[in-house]
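Asks: Spelled out from the first residue to the last, the chains are:
There are 2 protein chains.
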Amino acid sequence: MSPRNAFYAQSGGVTAVINASACGVIETAREHGERIGKVFAGKSGILGALREELIDTSHDSDADIALLRFTPGGAFGSCRYKLASYEDNAREYDRLLEVFRAHDIGFFFYNGGGDSQDTANKVAELGARSDYPITCVGIPKTVDNDLPCTDVCPGFGSVAKYVAVSVQEAALDVASMAETSTKVFILEVMGRHAGWIAAAGALAKVTPDDAPHIILLPEVPFRRDAFLERVRETVQRVGFCVVVASEGARYEDGSFLSESGTVDAFGHAQLGGVAPMLAELVRGELGLKFHWAVADYLQRSARHIASATDVEQAYAVGKAAVELALAGTGGVMVTIERTADDPYSWRTGQAPLAEVANVERTLPPNYISQDGFGITGAALRYLRPLIAGEDYPEYVGGLPRYARLKNELTLKKLPPFDP
Amino acid sequence: MSPRNAFYAQSGGVTAVINASACGVIETAREHGERIGKVFAGKSGILGALREELIDTSHDSDADIALLRFTPGGAFGSCRYKLASYEDNAREYDRLLEVFRAHDIGFFFYNGGGDSQDTANKVAELGARSDYPITCVGIPKTVDNDLPCTDVCPGFGSVAKYVAVSVQEAALDVASMAETSTKVFILEVMGRHAGWIAAAGALAKVTPDDAPHIILLPEVPFRRDAFLERVRETVQRVGFCVVVASEGARYEDGSFLSESGTVDAFGHAQLGGVAPMLAELVRGELGLKFHWAVADYLQRSARHIASATDVEQAYAVGKAAVELALAGTGGVMVTIERTADDPYSWRTGQAPLAEVANVERTLPPNYISQDGFGITGAALRYLRPLIAGEDYPEYVGGLPRYARLKNELTLKKLPPFDP
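Those protein sequences? They're chains W and X, same order as listed.
Reminder that position 287 of the first sequence reads as 286 in numbering that gives the first Met the number 0, one-by-one numbering, no gaps.
Reminder that position 377 of the second sequence reads as 376 in numbering that gives the first Met the number 0, one-by-one numbering, no gaps.
Read the hints as simulated data drawn from the structure, not as lab findings.
Idealized CB from N, CA, C, for every residue including glycine.
Keep in mind that a hint or two might mislead.
[Stated by the list, open to error] Ranges between beta-carbon positions, derived for each pair: (1) W:V358 to X:G396: 24 to 34 Å; (2) X:D209 to W:H58: 13 to 23 Å; (3) W:R222 to X:D252: 40 to 50 Å; (4) X:A339 to W:A326: 55 to 65 Å; (5) W:L285 to X:R100: 33 to 43 Å; (6) X:K411 to W:R236: 17 to 27 Å.
Only chain W is shown next, with the shape it has when bound in the complex:
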């Protein structure tokens, strides 16, 4: 059996460790040269396949590929692009088959979240339906930690660590200043639909009065008066109050706090910002001095404070994807299975892509504290091991050394195609 080529692509919002998965895929493929020829990386995700923009990773040295493990962002470009159903857009599927054929692609690895696993599933179905032999394996990735069937999503542990460390640090700052200055600090974190990232802020708490004092989750409708009362009471008791707010925090009716009616000078709705909105509420209603921060992309790209556990798992799911494909197992996503909480142990597993695609896992009710402003011991048990360990990149002149790949496209063999 002569070796066939592999296609690998990154999809959706990138993370601090998605390149560690790429590293796992490429290094493992290189170990199996008798079965896998080249690894083509899609330039900007599935678009790279549709446009026949295939990055030939064989031009990059082993050393450069190894550096991917330490490099945040998506080294080959990611995309937000969802394949329509076969019925609605057969043209794109036909194109994919053409490209796969032209470049003898026998393995398809798609690295992303819920939408991306849907794409992987559609390509797997395409392979099954057509006479073209291709093995499709999904590789999980999302800071939001909202994929089903897996204990955790690579990318999440590092954001969780970033948020927990940042809350601890900022809380020490606020505690120092509270006597004569800032009394309320609000940190806005990601998680539009699920509160996993905001929940991770709770890891910063060592004693009961430690920050964060309030966590606002998308799963719990925002109660304005209860929130204000909790802020007031915390400042009175502790001297200051630290709030971690999910960008997805919302009212009972489902509308986001971040859309709650602020307008700019031109009368446009003010975009974004749960933190400034809450800060304004605290100032207006309680008259307390505040500061707020919005971590945005900093949190999901913070490779410098990545969780070693997360990096290891991100690499492992890439490696396992290749091994599954070589064993002939397609139509699945690699998963992380937890085998024990403490001491923590885990292994990779697999789940059918059809069960993963488009399902969103939010915080289970037993992870949310009764007052709705925090999380439970069960949630802490779940979260704690995910931030364990540090995995620092090498630094040169004060800055991390990242991979700078060649990203050379392989020669096109087909006419252009406009997705």
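Got chain W sorted already, so can you dock chain X onto it with the hints?
Replies: Below, chain X alone, put in the same frame as chain W:
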């Protein structure tokens, strides 16, 4: 000569390394037990002296004091409190003398920025004017890097490193996504009056088209059209655009961008946020998808990514302050003197408090690029060594191990006083 006690306090906005200076003071004082008795730390800065709230640091073990070097925030509490002139508030000065006498305080160390050095200067003058023997030494600290007479202010190098690393990381994220998603990313950083922190973003740039593509400094009046044109042109050429904006960015007339007219639903002026303001401008005028982050306290408390150079200097200025005082030198602030750029070398020095107090050092014109959107080679030569080296705290269970001091107050000997 029997030993006399020392007073040490932290003042103004805290930093990731002000406790390293505290560590330098206390450890050095402990080495000189024959001359220095106890080190009393003011609870909440100079307020601690006025209220006779003196933390007796002798209750903390050497190991706990050593941990201060790795702990962000102000371990004894800081304050924003400026002493009026002697003429205007003799009552406070008389009280200070009373407290110093009651606790046999012969050394006064005040750790802060411009306002705080003014306080140190006033206490030094008080000592000189009265018959009370006290040696006063200022210890520099400020993330804003705006103190005169010193090459750099401890606290700045670590913020500079945080900003440079964060810009590199976020830029890799944006670069991955730009094809189908975010094209403009705006990071707001501190520096209300001086652009040093924003300037440090430029350290992220390795090749000319690397991020940051635009830096907005308080020293350069904001030109709306030139800014928008530069964003547009950068997105066209590079595919995306990363902006680092100082919170102090302002218009020609001196008004801050952050005050520029956005109002909330109640008609209140919207507080803060250069980044959201610029984002809205980019969206409205160029129709580009954007993200923005406001680092706020996260940047100045980020001990996890502190510059080793900065930590070393923060410790050194604390140590030097004690040594100067023991040599009988008062009325000065410790400084950092640069003796070479590359390889970088430095030593501590001193400057008269009267020359330091209330002077603000902004970016010199030759550090600002001709187009006003970046910095020069001279600025880079200045900045580069300040972020060199990493100095990681120890981690336990995924989180940094910080000092938790006892902060036991010594018994009061005087009637209460209300500053």
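Asks: Look at each hint and say if it fits the structure.
Replies: Hints and how they fare:
{"no.": "1", "hint": "W:V358 to X:G396: 24 to 34 Å", "verdict": "31 Å, holds"}
{"no.": "2", "hint": "X:D209 to W:H58: 13 to 23 Å", "verdict": "22 Å, holds"}
{"no.": "3", "hint": "W:R222 to X:D252: 40 to 50 Å", "verdict": "43 Å, holds"}
{"no.": "4", "hint": "X:A339 to W:A326: 55 to 65 Å", "verdict": "60 Å, holds"}
{"no.": "5", "hint": "W:L285 to X:R100: 33 to 43 Å", "verdict": "41 Å, holds"}
{"no.": "6", "hint": "X:K411 to W:R236: 17 to 27 Å", "verdict": "24 Å, holds"}
In terms of the numbered hints stated before, the structure departs from none.
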